[in-house]
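**Q** In case you want the letters, here they are:
2 protein chains.
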Amino acid sequence: MSDFGSLRVVALAGGVGGAKLADGLAQHVAGDRLSVIVNTADDFWHHGLRVCPDLDTVMYTLAGLANPATGWGIAGDTTATLDALTRLGQDPWFLVGDQDFATHILRTEWLRQGQSLTAVTAKLASALGIPARILPMTDDPVATKVRTSEGLLDFQDYFVARRQQDDVLGVEFADIDDAHVAPAALNALRQADVIVICPSNPIVSIGPILALPKIRESLETSTAPIVAVSPIVGGKALKGPADRMLATLGYEVSAAGVATILAGVARVLVIDRVDEALAPRIEETGMRARVTDTVMRDRRDREQLAETVLAAAVRARR
Amino acid sequence: MSDFGSLRVVALAGGVGGAKLADGLAQHVAGDRLSVIVNTADDFWHHGLRVCPDLDTVMYTLAGLANPATGWGIAGDTTATLDALTRLGQDPWFLVGDQDFATHILRTEWLRQGQSLTAVTAKLASALGIPARILPMTDDPVATKVRTSEGLLDFQDYFVARRQQDDVLGVEFADIDDAHVAPAALNALRQADVIVICPSNPIVSIGPILALPKIRESLETSTAPIVAVSPIVGGKALKGPADRMLATLGYEVSAAGVATILAGVARVLVIDRVDEALAPRIEETGMRARVTDTVMRDRRDREQLAETVLAAAVRARR
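If you read the sequences in order, they're chains A and L.
Going by the working numbering, the residue at position 107 of the first sequence is 107; the numbering climbs one at a time, nothing skipped.
Going by the working numbering, the residue at position 140 of the second sequence is 458; the numbering climbs one at a time, nothing skipped.
Keep in mind the hints are simulated off the structure, nothing from the lab.
In this text the structure is predicted, and so the values were computed from the model without any measurement.
Do not rely on the hints blindly, as some may be mistaken.
[Said to hold, decoys possible] Cross-link-like lysine to any residue pairs, in silico, SDA-like; alpha carbons within 25 Å at most:
1) LYS441/L x ARG87/A
2) LYS239/A x ALA75/A
3) LYS123/A x PHE412/L
4) LYS554/L x GLU625/L
5) LYS123/A x GLY366/L
6) LYS441/L x PHE94/A
7) LYS123/A x GLY604/L
8) LYS441/L x THR79/A
9) LYS145/A x TRP363/L
10) LYS123/A x HIS365/L
11) LYS239/A x ARG317/A
12) LYS441/L x LYS145/A
13) LYS123/A x GLY407/L
14) LYS123/A x TRP411/L
15) LYS441/L x ALA75/A
16) LYS441/L x ASP83/A
17) LYS441/L x HIS47/A
18) LYS239/A x VAL171/A
19) LYS554/L x GLY604/L
20) LYS441/L x LEU88/A
21) LYS239/A x PHE44/A
22) LYS441/L x GLY64/A
23) LYS123/A x LEU406/L
24) LYS123/A x PRO410/L
25) LYS236/A x GLY250/A
26) LYS123/A x GLN431/L
27) LYS441/L x GLY89/A
28) LYS441/L x VAL171/A
29) LYS123/A x THR397/L
30) LYS123/A x TRP363/L
31) LYS441/L x ARG50/A
32) LYS463/L x GLU109/A
33) LYS123/A x ASP401/L
34) LYS441/L x LYS123/A
35) LYS239/A x GLY64/A
36) LYS441/L x THR86/A
37) LYS123/A x THR404/L
Isolated chain A, as found in the complex (with noise of 0.2 Å):
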C-alpha cells in the first residue's frame, strides 16, 4: 500500500476499462476506503435474470476472476448452462458463462425478495473478499437506449445482438429523471478526498452516472479534486464502440473531444503519451492535461496508472 491508501478515493466506472483502473486503485487505497460507482444503465433482464454487466465486470476484476482474455466473464468459465438453453430452442445471443449464471441467479433471488441492488452488491463482492464497495450508481432501473437508423435500440440489442454495427445517432436513458442515486453511492462522493473518472465510453458509461441529477451536482460542488482518464487513445477506444459512437454523435475522436465531454467535471485530464499535442487543447477547456502511459495491459500497469491519477489528484488538490 502506498502513500495514498489512507484517502478516501471515489472511482466512477463502466465496464472493462473502468474495472481495471478500479484494480490498479485498490492496490493503492486500503480496504473499504475505496469506492466504485458504477454504470446501472446496461443491466437488463435476461431469461428473467437480471444482469448488471458493469458490475458484475468490476466485480470479477476486483476479485481477480475476470476471464483476461475478454476483460468480462469469469476466467475459466463454462457454457453448460447457456447449451442446454440453445438446446432448448433459445438464441444464445448473449454469452453467459456458468459461474456467471450462479451471480444472476442469486442476485434475482435477493432483489425479488425486496433487497436493494446497492445491498445486494455488496453481498456479492463479500462473498468474493473484496475489501473495496462497489456501489451501484442507482437501486432503480435506468435503461441506456440507442436512437439508430434502424430505430431505437435497447442497449444490449445495439451493443451484443447487432455488435454494435449500427451508427448511433443518440443515446437516451430510459427512467433516468424517476431513478434516485443510491444513497451509499451519493455518501461516497459526500466523503471522497479523490474522485477518479475512469476510462470508459464517456457517453453510455460514465454518461448515465453523471445524468443522475444529484451526481452531476455533488461532482460540481464537490470539493474533492476530480481526475479523468481519456478512454480514446491515439484517436481509437481501447475497447468497444466509444470512438464510433464520438464521431456519429458529433464529437471529435480524440482525448480533446473527450474534454469537451468531461470540462466542467473534471479538474484534470489524464491522456496518454501519443495524445501529448493534445494537451494545450485540453487546457483550452479549463482542464489541466497530464500525461502518461495509459494502456493497462497487466495488473502493474494498472497500479501505476492508478498511481499517476492518484498523484495527479492530490497535487490538484494543493
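Add chain L to chain A, keeping to what the hints say.
**A** Using the frame of chain A, we list chain L on its own:
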C-alpha cells in the same frame, strides 16, 4: 411399435420408477397417444427458480438424457453454477447440474410471464423432441409436507436436506383443496383407453395425484382398465423411502400393503415374481394380481414391463 400403438394410454407417475415405466410405455405407444400425468407436489422454489423434480425426471428420461447412475438429473452434467453459488456463500444442499439449471431458468421465465406449467412443460418437452405428452397433475401450487418428530417439514427438506432420516408420521398436501386438475391432464384421463399407475411412491408420488378430487373421481368412473405396478418388491422399495414411509404410516410393507392403498382405484396390480405368494391376498382386495419381473435395470426391462402392463390392461378391458 407393438400392438398397443393405437391405444391412448395415460400413466400416472412420480420420479425415477415412474419415469422408467413411462419410457417403457413410450416404446409401445405411438407419439402423443401416451400421456404421463406427473406429480407436482414436490415442486419448490430454489434460488428463485421453480424446480419440478418429477416432471424433469420424466422429461429427461423420455428424452434419453437422464443420468443412468441416479435416475434423475442429466447424464454427464457438470456443477460449475452450483460451485459458483457455493463460492458466493450458498449451501449446496440441493444438487442442480448446469444443464438442469437451464431447464429451471427457462421454466421460471415462462411461468413468470404467466404461462401455465402445462404449457411450459409442453414447450420444454417439445424442444427435447419428446413425442409423448408430459402433463403436470395441476398448474396450481401444491406442496407436500411431511409430519415428523421434528415437526412439519417441507418435502425437499425431508427428502434431500435431511436425507429421509426422519420417521414419517403423516403426510399433507398443502393447498390441494384449492388446486384444480390441469385441464390437459383431465382430458387425457377422460380419453384414455388404458390407465397405468407407475411404480412410484404410493404416498408422496401417486398420493398427491389421487388426492386431486377430480382425478380420483375420473379414475373411479373411468371405463378404461387401470393397472398399477407395485413399487415394493420383496418388502423393499427399489428406490427411496417408500418402504419406511409405509411402515411408519401403519401399512404393511409389501405389495399387499400397496394393494390396500390402491384398491378401489386400480383393477390390476402387477407384482414381482418374488412376491408371488402375495397374489391371493391382493385378489382379496378386489384387484387382480399379475406376476412378472418388475425390476427395470435397462431399457429392455422397461419395454418388457410396459408390454406386460398393457397386455394386462387389454385383458382386463375385455
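**Q** Are the Cα atoms of LYS441/L and ASP83/A separated by 25 Å or less?
**A** The given pair, whose Cα atoms are some 17 Å apart, holds under the 25 Å limit.
**Q** Need the status of pair LYS123/A, PHE412/L: alpha-carbon distance at most 25 Å?
**A** OK: LYS123/A and PHE412/L at ~21 Å, within 25 Å.
**Q** For the pair supplied as a hint, LYS123/A and PRO410/L, is the alpha-carbon distance within the 25 Å limit?
**A** holds, 17 Å
**Q** Take the C-alpha atoms of LYS441/L and LEU88/A, compute the straight-line distance between them, and say whether it is at most 25 Å.
**A** holds, 9 Å
**Q** For LYS145/A and TRP363/L, compute the direct alpha-carbon distance and say whether it is at most 25 Å.
**A** Not satisfied, since the Cα-Cα distance of roughly 34 Å exceeds 25 Å.
**Q** Are the Cα atoms of LYS441/L and ALA75/A separated by 25 Å or less?
**A** Measuring from Cα to Cα gives roughly 33 Å; hence the hint is violated.
**Q** Measure nothing beyond the straight line between the CA atoms of LYS554/L and GLY604/L; if it is 25 Å or shorter, mark the hint as holding.
**A** holds, 23 Å
**Q** Given the hinted pair LYS239/A and VAL171/A, is their alpha-carbon gap at most 25 Å?
**A** holds, 19 Å
**Q** Straight-line Cα separation of LYS441/L and GLY89/A no greater than 25 Å?
**A** At roughly 9 Å apart (the allowed maximum being 25 Å), GLY89/A and LYS441/L satisfy the hint.
**Q** Under the criterion that the straight-line Cα-Cα distance not exceed 25 Å, is the pair LYS123/A, GLY366/L satisfied?
**A** holds, 17 Å
**Q** For the pair supplied as a hint, LYS441/L and ARG87/A, is the alpha-carbon distance within the 25 Å limit?
**A** holds, 12 Å
**Q** LYS441/L and GLY64/A were given as a pair; does the straight-line alpha-carbon distance stay at or below 25 Å?
**A** violated, 40 Å
In this structure, the hints that do not hold are numbers 7, 9, 11, 12, 15, 22, 26, 28, 34, in rising order.
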